[in-house]
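So the protein lines, in turn, are chains A and B. Position 73, counted from 1, in the first sequence is what the UniProt record's numbering calls 73; the numbers after and before it change by one each time, with no gaps. Position 56, counted from 1, in the second sequence is what the UniProt record's numbering calls 56; the numbers after and before it change by one each time, with no gaps.
Among the clues, some could well be false.
Each pair may be met inside one copy or between any two copies, as identical chains are not told apart.
Stated by the list, open to error - Computed cross-link-like contacts, DSSO-like style, restricted to lysine-lysine with a CA-CA straight-line distance of at most 27 Å:
1. Lys157 / Lys35
2. Lys243 / Lys195
3. Lys243 / Lys74
4. Lys145 / Lys195
The hints are simulated quantities; they were obtained by calculation from the structure and are not laboratory data. Bear in mind the structure is a predicted one, so any value in this text is a computation, not a measurement.
This is what each chain is made of:
Number of protein chains: 2
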Amino acid sequence: MGRVGHQTYVFERQIGIRTTGVVVGQKEAEGPLAKYFDRLHDDMRMGQKTWEKAERTLLKEAMDLAMRKAQLEKEDIPLYIGGDLMDQITTTNFAASSLGSMYLGIYSACGTTVEGLALSAMMMESGAVDRVMTGAVSHTYAAEKLYRFPNEYGVQKPPYAQRTVTGAGVALLEPGTGPRVEAATFGRVVDSGLKDPFDMGSAEAPAAVATIVAHLQDLGRSLDDYGLILTGDLARVGLTFAKQLLEGQGVTPTERVEDCGVMIYREDQGAFAGGSGAGCSAVVMYGWAVNQMRQGRYRRVLLCGTGALHSPTSVKQGDSIPGICHAVSLVMDGDR
Amino acid sequence: MGRVGHQTYVFERQIGIRTTGVVVGQKEAEGPLAKYFDRLHDDMRMGQKTWEKAERTLLKEAMDLAMRKAQLEKEDIPLYIGGDLMDQITTTNFAASSLGSMYLGIYSACGTTVEGLALSAMMMESGAVDRVMTGAVSHTYAAEKLYRFPNEYGVQKPPYAQRTVTGAGVALLEPGTGPRVEAATFGRVVDSGLKDPFDMGSAEAPAAVATIVAHLQDLGRSLDDYGLILTGDLARVGLTFAKQLLEGQGVTPTERVEDCGVMIYREDQGAFAGGSGAGCSAVVMYGWAVNQMRQGRYRRVLLCGTGALHSPTSVKQGDSIPGICHAVSLVMDGDR
Numbered sequence: 001m002g003r004v005g006h007q008t009y010v011f012e013r014q015i016g017i018r019t020t021g022v023v024v025g026q027k028e029a030e031g032p033l034a035k036y037f038d039r040l041h042d043d044m045r046m047g048q049k050t051w052e053k054a055e056r057t058l059l060k061e062a063m064d065l066a067m068r069k070a071q072l073e074k075e076d077i078p079l080y081i082g083g084d085l086m087d088q089i090t091t092t093n094f095a096a097s098s099l100g101s102m103y104l105g106i107y108s109a110c111g112t113t114v115e116g117l118a119l120s121a122m123m124m125e126s127g128a129v130d131r132v133m134t135g136a137v138s139h140t141y142a143a144e145k146l147y148r149f150p151n152e153y154g155v156q157k158p159p160y161a162q163r164t165v166t167g168a169g170v171a172l173l174e175p176g177t178g179p180r181v182e183a184a185t186f187g188r189v190v191d192s193g194l195k196d197p198f199d200m201g202s203a204e205a206p207a208a209v210a211t212i213v214a215h216l217q218d219l220g221r222s223l224d225d226y227g228l229i230l231t232g233d234l235a236r237v238g239l240t241f242a243k244q245l246l247e248g249q250g251v252t253p254t255e256r257v258e259d260c261g262v263m264i265y266r267e268d269q270g271a272f273a274g275g276s277g278a279g280c281s282a283v284v285m286y287g288w289a290v291n292q293m294r295q296g297r298y299r300r301v302l303l304c305g306t307g308a309l310h311s312p313t314s315v316k317q318g319d320s321i322p323g324i325c326h327a328v329s330l331v332m333d334g335d336r
Numbered sequence: 001m002g003r004v005g006h007q008t009y010v011f012e013r014q015i016g017i018r019t020t021g022v023v024v025g026q027k028e029a030e031g032p033l034a035k036y037f038d039r040l041h042d043d044m045r046m047g048q049k050t051w052e053k054a055e056r057t058l059l060k061e062a063m064d065l066a067m068r069k070a071q072l073e074k075e076d077i078p079l080y081i082g083g084d085l086m087d088q089i090t091t092t093n094f095a096a097s098s099l100g101s102m103y104l105g106i107y108s109a110c111g112t113t114v115e116g117l118a119l120s121a122m123m124m125e126s127g128a129v130d131r132v133m134t135g136a137v138s139h140t141y142a143a144e145k146l147y148r149f150p151n152e153y154g155v156q157k158p159p160y161a162q163r164t165v166t167g168a169g170v171a172l173l174e175p176g177t178g179p180r181v182e183a184a185t186f187g188r189v190v191d192s193g194l195k196d197p198f199d200m201g202s203a204e205a206p207a208a209v210a211t212i213v214a215h216l217q218d219l220g221r222s223l224d225d226y227g228l229i230l231t232g233d234l235a236r237v238g239l240t241f242a243k244q245l246l247e248g249q250g251v252t253p254t255e256r257v258e259d260c261g262v263m264i265y266r267e268d269q270g271a272f273a274g275g276s277g278a279g280c281s282a283v284v285m286y287g288w289a290v291n292q293m294r295q296g297r298y299r300r301v302l303l304c305g306t307g308a309l310h311s312p313t314s315v316k317q318g319d320s321i322p323g324i325c326h327a328v329s330l331v332m333d334g335d336r
């Protein structure tokens with residue numbers, strides 16, 4: 001098929017998710033999706049001296065798990081595409097250094113998971129590589145320290161804030177079926193002028209809606225064509241807003257739209273409006289959603305990687321928080 | 001051709017650099033390459049209140065120039081791929097927001113220019129888009145403030161340090177000839193254990209050499225097949241080191257290896273060992289090198305985007321500085 005419409009590419013090759021590796025921290029391990037994650041940490045330092053190094057451990061473990069499940073070694077991985085929330089995406093830089101593969105660093109904040117999945121599939125589509133590993137990671141204490149305040153300060157947050165997920169999710173792509181990458185819709189930056197860095201879901205929601213609508217228009221589809229539309233980290237405030245925006249554009253039924261940030265914690269876990277972070281979409285999409293497709297619950301799922309493209313500096317200088325969303329449609333072929 | 005060897009992809013489509021847009025600051029405007037840059041600023045604030053916003057102005061102006069030369073409007077640009085040195089690549093996020101195109105954020109530090117060029121060509125190869133704009137930017141005062149100390153402190157630097165280039169360089173790719181993207185070699189992270197953040201050239205040199213050697217081996221070529229091998233920002237210390245490493249591997253003649261960081265300033269300009277930064281390769285490659293190819297001076301040029309993958313935090317935590325290098329071979333077909 002190739003390019004369809006303005007923003008969508010339909011893959012001609014069969015590009016499947018062969019294995020995934022998903023590692024999470026304590027609060028995620030206590031949440032409703034724990035059984036879908038491969039490794040649960042109760043030590044938030046993961047045996048490291050700093051939060052930043054703990055985050056690297058998460059990503060390296062997720063890489064190892066994805067390789068081990070496929071009975072592959074580091075030398076068998078030609079390319080890693082990924083990123084994270086740390087300044088200069090150092091978590092991924094160092095994990096890619098340990099891996100030893102070719103490496104393309106990317107950044108779209110919490111939408112990095114899906115940008116990586118889309119670009120990985122593009123690299124396989126052209127035949128540049130026959131196998132790619134891609135993923136994203138975040139650590140709540142590393143993110144708090146960088147974006148807000150060190151956790152030890154005990155600064156209070158508003159109830160509409162989100163908790164950065166501690167976790168890494170990685171997918172190993174190979175020629176194959178299930179679930180396979182059917183199409184990718186590349187997002188535009190959408191800036192609604194919102195400026196509250198605690199309310200990232202609302203800053204991301206218009207971008208999520210723009211990309212979902214573009215995806216459906218490009219392919220001539222409706223939400224009914226998907227068993228699930230899974231946004232990355234709108235959390236409860238942003239998801240409600242996104243559904244209102246979709247319904248305002250006549251795009252229904254929005255019950256099919258769910259959000260990783262809403263799903264990953266129970267409401268009584270004290271995670272405010274829900275999860276956020278590059279690791280949020282990574283662990284829920286590669287842990288839970290891929291599993292649900294393999295179990296036959298969903299035949300086609302639209303993964304929507306939402307990102308808030310601010311920095312602590314841009315917020316302090318009074319800038320708005322632009323949002324972006326890249327989408328990838330996964331499909332299970334046949335009646336497997 | 002498709003994939004050749006382990007790390008290289010040879011493009012089947014004709015993907016050419018149609019126009020470029022290059023904007024620089026004061027010291028670059030006083031340097032030996034000034035006449036190859038489209039716009040020279042003498043106000044380091046570019047009319048903005050902060051260095052970070054000045055950096056955005058540089059990038060937006062470079063985008064505008066590349067579009068204007070091609071008589072295109074923002075609406076004609078389907079996709080921008082790029083990044084910068086700021087935390088969370090906010091410069092590029094905001095410029096991409098103004099542009100309004102689809103946007104893929106990337107990061108490989110000072111190697112971002114060439115990662116962007118390679119990925120842009122991959123997106124065109126598969127037919128996902130028929131036109132891409134790609135580029136990179138840095139601003140010396142924004143970078144000093146973020147990576148080292150605010151310039152106003154007057155902290156002294158060792159003579160082997162480098163000066164971050166103030167400048168943005170953008171290329172507009174379309175189906176066409178000159179110069180066209182012939183091949184891309186995707187780099188691996190190379191960590192030599194160096195830890196001095198002032199000596200980025202030495203941290204990058206082994207990565208540059210690894211990618212140059214991989215490129216030549218994959219294609220069965222020698223340095224003689226290139227009129228010029230242009231590294232991004234090794235500067236004088238790193239370039240000398242890289243040439244020693246190449247000669248140690250029997251890869252000669254290394255007179256053909258030049259470096260954007262060495263070329264952009266005269267030795268008497270007080271820029272230490274030379275230029276660095278994502279803008280360094282962007283302005284020299286898209287300003288000077290593309291011009292020299294069009295003038296017929298070089299038929300084939302290997303652009304080597306070198307990056308040091310550290311952050312201020314990783315350096316303070318005692319980590320080494322891993323390097324990476326992505327390479328793109330440009331060629332002028334025929335005797336145009």
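query: Which earlier hints turn out false for this structure, listed by number in ascending order?
result: 1, 3
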